[in-house]
Amino acid sequence: MINYEELLNENIRKVKPSGIRKFFDIANEMEDVISLSVGEPDFTTPWHVRAAGIESLEKGRTWYTPNRGFAELRSEISNYYKRRFNVEYSAEKEVLVTVGGSEAIDLCIRSLVSPGDEVLIPQPCFVCYEPMTCLAGGVPVIIETKAEDEFRLTPEQLEEKITDKTKLLILPFPNNPTGAVMKREHLEGIAEVLRKHNIIVLSDEIYAELNYGEERHVSFAEIEGMKEKTVVVNGFSKSYAMTGWRLGYALGPAELIAKMTIVHQYAIMSAPTTAQYAAIEALKNGDEDIEKMRSEYDLRRRLMVSSFRRMGFDCFEPEGAFYVFPCIKNTGLTSDEFCSRLIREKHVAVVPGTAFGESGEGYVRVSYSYSIAHIREALKRIQEFLEDIKK
Amino acid sequence: MDKLISLLYEDSSLSVEELSAMLNESEEDIKKRIEEYKKSGVILGKKTFINWDKVENSGVTALIELKVTPQKETGFDEIAARISEFTEVDTVHLMAADNYDLLVTVRGKSIQDVAMFVSRRLATIDAVQSTATHFLLKRYKENGVELTDEEKDQRSMML
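So the sequence lines, in the order shown, correspond to chains A and B.
So for the first sequence, my numbering puts the first residue at 1061; every next one is plus one.
So for the second sequence, my numbering puts the first residue at 641; every next one is plus one.
Just chain A, same shape as in the assembly:
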């Protein structure tokens, strides 16, 4: 018998399989489960964008693209960041097209983190930063964001965790799972701390277009002096409902993008060609689609927050992404218990906050990437569940 465990790379051994899988398996086996658990749009990719992909296939454009992505796509990405977020990047040297935002995150961490380097990760957050840091031999340093700070990273929390080993700060806003956003004044506070240190920021802006406050999303790279310290990660999945196309990008200082391109070139070659053709169309003619989807999400968001509050949950108002993150502590159940019982007893699937870090205990993530009718039915069942608990 071969002991594979012994053969494995020591970093991969450190990465524990996610406990949430068990829960997902229960949900997937259930026939009539009403889910509020997905992390992707319910909209399909706008037709004109799909048509551009189809047209490229009809014309037989099925080859690799340049490693960095098509020049036209890079130039459209550059135009887009200038147009919508007021940050200028050179299409030539500061843009890299990747396989989803996820690959861009991986490339950034792998290119920067050496064994022993510390990576600051505000949690609750998307699940990939911590394992990817471990795989690179880095040390994840968790910063727990708090409900009373509206789940924002505060300058004080940041300052406290910085050491001379700190290499990278992950800035995942708008945030999955909390829906928190960092407004300009909050980013200014973070920038103030970073001016004193030599730390790179990975600003994961994948939900940038799903921002419901009065102020549009502010890219961390727009804050004075921060562009040279920041790698921005974004993509097409959330803003254009293109998750399955697997297309994202990284924007950053030419020297860093060049190194990330080397990793990308050997690991991936180039991002999917069909998806790149579709993405060019999305960037050229898709601003209206973004607005349409955004305003639809906003209606659902309001409906959900108000329903949870009416049920008696403490529910902070999320201003970004498509999740609400109600506090379930007053039920007397843990996040895991709440979710397991809810799915068993009412066949409604929501995700325990602990899936996004220990600090998610006491919370659940509820996605509103569903039709209003679907959301209403699920909320009705959650209400019934609450009444059952109280008995």
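No lab work stands behind these hints: they were computed from the structure.
Ideal placement from N, C-alpha and C gives every residue a C-beta, glycine not left out.
Do not rely on the hints blindly, as some may be mistaken.
Stated by the list, open to error - Only pairs whose alpha carbons sit at most 30 Å apart, straight line, appear in this in silico DSSO-like list of lysine-lysine:
(1) A:Lys1082 / A:Lys1389
(2) B:Lys749 / B:Lys694
(3) A:Lys1440 / B:Lys687
(4) B:Lys671 / A:Lys1352
(5) B:Lys792 / A:Lys1406
(6) A:Lys1440 / B:Lys671
(7) B:Lys694 / A:Lys1352
(8) A:Lys1440 / B:Lys672
(9) B:Lys643 / A:Lys1352
(10) A:Lys1352 / B:Lys792
(11) A:Lys1440 / B:Lys686
(12) B:Lys781 / A:Lys1352
(13) B:Lys749 / A:Lys1440
(14) A:Lys1352 / B:Lys686
(15) A:Lys1352 / B:Lys678
(16) A:Lys1153 / A:Lys1256
(17) B:Lys687 / A:Lys1352
(18) A:Lys1352 / B:Lys672
(19) A:Lys1440 / B:Lys694
(20) A:Lys1344 / B:Lys643
(21) A:Lys1243 / B:Lys643
As the list claims (entries may be wrong) - Computed footprint of chain A on chain B; a stretch qualifies when at least three of its residues, placed anywhere within it, have a C-beta under 8 Å from a C-beta of chain A:
(22) 662-676
(23) 785-796
Please build the complex by placing chain B on the supplied structure of chain A, with the hints as guidance.
Frame of chain A, contents of chain B only:
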């Protein structure tokens, strides 16, 4: 268009509470606006949305194109009103079309039933010059709703 209208069109069972949350308006304002829409005849009522293809013995539906001579003074209105009075008639629309003017939806027990109604009741009206009857075979989408069996949500659980 007012989002309140489109939300109510999609689902008339939305409560004032829910509408107020979604549209970020006070419940009083929503109530008041709905009342105004009722008064001005924008909101006419609530009905149950039925997929007739699934109802046994629901009969047949036909679309009838009518070429009509417009009347002095009243144009098409008087004829349209007259046709609307028949209980067999479901909808009456004036069209901008090549070779007909009114499009009428008629429901009846059988094809024969509808054909008889058209020839005896509609074709005999003086101003009606000609009729063309089209029978409906299958409904795929009505009132903005797809009637084919819903596709299962293919999205997988992802964090």
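Now the hints, each set against the structure:
1. A:Lys1082 / A:Lys1389: holds, 23 Å
2. B:Lys749 / B:Lys694: holds, 15 Å
3. A:Lys1440 / B:Lys687: holds, 23 Å
4. B:Lys671 / A:Lys1352: holds, 26 Å
5. B:Lys792 / A:Lys1406: Judged against 30 Å, a Cα distance of about 19 Å means the pair holds.
6. A:Lys1440 / B:Lys671: holds, 23 Å
7. B:Lys694 / A:Lys1352: Violated: Lys694 of chain B and Lys1352 of chain A sit about 34 Å apart, past 30 Å.
8. A:Lys1440 / B:Lys672: holds, 26 Å
9. B:Lys643 / A:Lys1352: Holds. Lys643 of chain B to Lys1352 of chain A sits at ~12 Å (cutoff 30 Å).
10. A:Lys1352 / B:Lys792: holds, 24 Å
11. A:Lys1440 / B:Lys686: holds, 22 Å
12. B:Lys781 / A:Lys1352: Roughly 22 Å separates the two Cα atoms, so the pair holds.
13. B:Lys749 / A:Lys1440: violated, 40 Å
14. A:Lys1352 / B:Lys686: Roughly 27 Å between the alpha carbons, so the hint for Lys1352 of chain A and Lys686 of chain B holds.
15. A:Lys1352 / B:Lys678: Roughly 28 Å between the alpha carbons, so the hint for Lys1352 of chain A and Lys678 of chain B holds.
16. A:Lys1153 / A:Lys1256: holds, 27 Å
17. B:Lys687 / A:Lys1352: holds, 28 Å
18. A:Lys1352 / B:Lys672: holds, 27 Å
19. A:Lys1440 / B:Lys694: holds, 27 Å
20. A:Lys1344 / B:Lys643: Holds: Lys1344 of chain A and Lys643 of chain B sit about 28 Å apart, inside 30 Å.
21. A:Lys1243 / B:Lys643: It holds: about 28 Å lies between the C-alpha atoms, which stays within 30 Å.
22. 662-676: holds (count 3)
23. 785-796: Result for this restraint: holds, n = 3.
The structure fails to meet hints 7 and 13 from the earlier list, while all remaining hints are met.
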